[in-house]
Amino acid sequence: MNINERARQTIRSLPKTVHGGQAWKLANIEDYSHNLNPFGAPTFLDEIVASAVPSVWHYPDDASLGFRTAVAKEFDVGPENVIAGAGSSDIIRMFPTTFWEPGDKVVMFSPSFAEYTQQCKICGVEIEYIRLREENDYRIDIEELGEKLTSDIKALYICNPNNPTGRVEPRDKILSIVDECEEKGIMVFLDETLLELVDGYKDVSCASYVGEYTNLLVAGSLTKSFAIPGIRIGFGISNTDIIDQLNKVRMTWNIGAIEQVVGEKLIAEHMDYVHDAAALLRKEADNMFGELKDMGFPVNAPCDGFFYFCDISSLGMDAGTFVSKMKSHGYMVRDCSSFGPDFTSCVRFCVKDSKTNEGFLSAMRKVLE
Numbered sequence: 000m001n002i003n004e005r006a007r008q009t010i011r012s013l014p015k016t017v018h019g020g021q022a023w024k025l026a027n028i029e030d031y032s033h034n035l036n037p038f039g040a041p042t043f044l045d046e047i048v049a050s051a052v053p054s055v056w057h058y059p060d061d062a063s064l065g066f067r068t069a070v071a072k073e074f075d076v077g078p079e080n081v082i083a084g085a086g087s088s089d090i091i092r093m094f095p096t097t098f099w100e101p102g103d104k105v106v107m108f109s110p111s112f113a114e115y116t117q118q119c120k121i122c123g124v125e126i127e128y129i130r131l132r133e134e135n136d137y138r139i140d141i142e143e144l145g146e147k148l149t150s151d152i153k154a155l156y157i158c159n160p161n162n163p164t165g166r167v168e169p170r171d172k173i174l175s176i177v178d179e180c181e182e183k184g185i186m187v188f189l190d191e192t193l194l195e196l197v198d199g200y201k202d203v204s205c206a207s208y209v210g211e212y213t214n215l216l217v218a219g220s221l222t223k224s225f226a227i228p229g230i231r232i233g234f235g236i237s238n239t240d241i242i243d244q245l246n247k248v249r250m251t252w253n254i255g256a257i258e259q260v261v262g263e264k265l266i267a268e269h270m271d272y273v274h275d276a277a278a279l280l281r282k283e284a285d286n287m288f289g290e291l292k293d294m295g296f297p298v299n300a301p302c303d304g305f306f307y308f309c310d311i312s313s314l315g316m317d318a319g320t321f322v323s324k325m326k327s328h329g330y331m332v333r334d335c336s337s338f339g340p341d342f343t344s345c346v347r348f349c350v351k352d353s354k355t356n357e358g359f360l361s362a363m364r365k366v367l368e
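By numbering that gives the first Met the number 0, the letter at position 198 of the sequence shown is numbered 197, and the numbering carries on one by one without gaps.
Derived from the structure by calculation, the hints contain no laboratory data.
Only a predicted model underlies this, so the values are computations on that prediction, with no experimental measurement involved.
Among these hints, one or two may not hold up.
To be verified - BS3-like cross-link-like pairs, simulated, lysine-lysine; straight-line CA separation at most 25 Å: (1) Lys-172 <-> Lys-183; (2) Lys-324 <-> Lys-365; (3) Lys-282 <-> Lys-153.
All chains, please: the whole structure from these sequences, using the hints.
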């Protein structure tokens, strides 16, 4: 039996997506390739997890009501406007599985989070890409986007902050795009997974506006903000019509009992931990920008959040070479070649605390010598 022939045609030649944050496989490497809260998981997490252990003796609440209620309160919506997921990646999977037929068309930006493409291709969806350009500071060009939003487009994907470029678009700009899409019958998947680690994120988030739109789904997660990628818990926020449809494809018991307890406690009682981290990261990001400019590293502007995306072609090396040289000094950065052939000279690296950043920047100076 040829198993490859039994696989669905849409996935036979589909490669597995590549993500950052792999330095755990390497000894004595400081990982700058991820975009987690660099201050790590909170010290009180052990106590929360321990308190949740007795819950594993029973099936988890399939509705994840406690967690959803905590999310709803944080974003000023109702629990009925929230769906729980095993990380935001689960919400990313649910969206095309729920709404798209093979041959449907969606619009995405490039570069952006690879999982959008992966899950759409699994469903046989056709994708039109809009290139985010360095000369436009990797920001959304409204005029170019408008030309792409034609009558045959079913959805638009937006990542804010965009991964890997790190650019944050203001709320009024995002909502103007959502307005245009609604007029044209186009759904909007807005991924705000990284937004909580941006200082003042509540002035940018569109999650509390979902009740005003028929077409908007906002995804979020605790993975990045609390540095807990091993605890898979995320959420989607939307109007009840969209949530009801997503629940039809959501796996039963998709959120474990421990995850539900941890998620509810963190978001209901400990968001100040994230707010404090975001404020510190803003300061360190600005400091890092000054150091990068002083050493002649090709960075155009301070990052909007807590990670930098840079084209290093002017240094006379590709991303793979730069990554290898940084690794030899004990630091892992993200090779962004996996985002497509246009980005073979692009790298991404995060911002951490002052002392750790000093070592990272020292290593970078040695690479540039």
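Here is how each hint holds up against the structure:
1. Lys-172 <-> Lys-183: Given pair Lys-172, Lys-183 holds - Cα atoms ~17 Å apart, limit 25 Å.
2. Lys-324 <-> Lys-365: OK: Lys-324 and Lys-365 at ~9 Å, within 25 Å.
3. Lys-282 <-> Lys-153: violated, 40 Å
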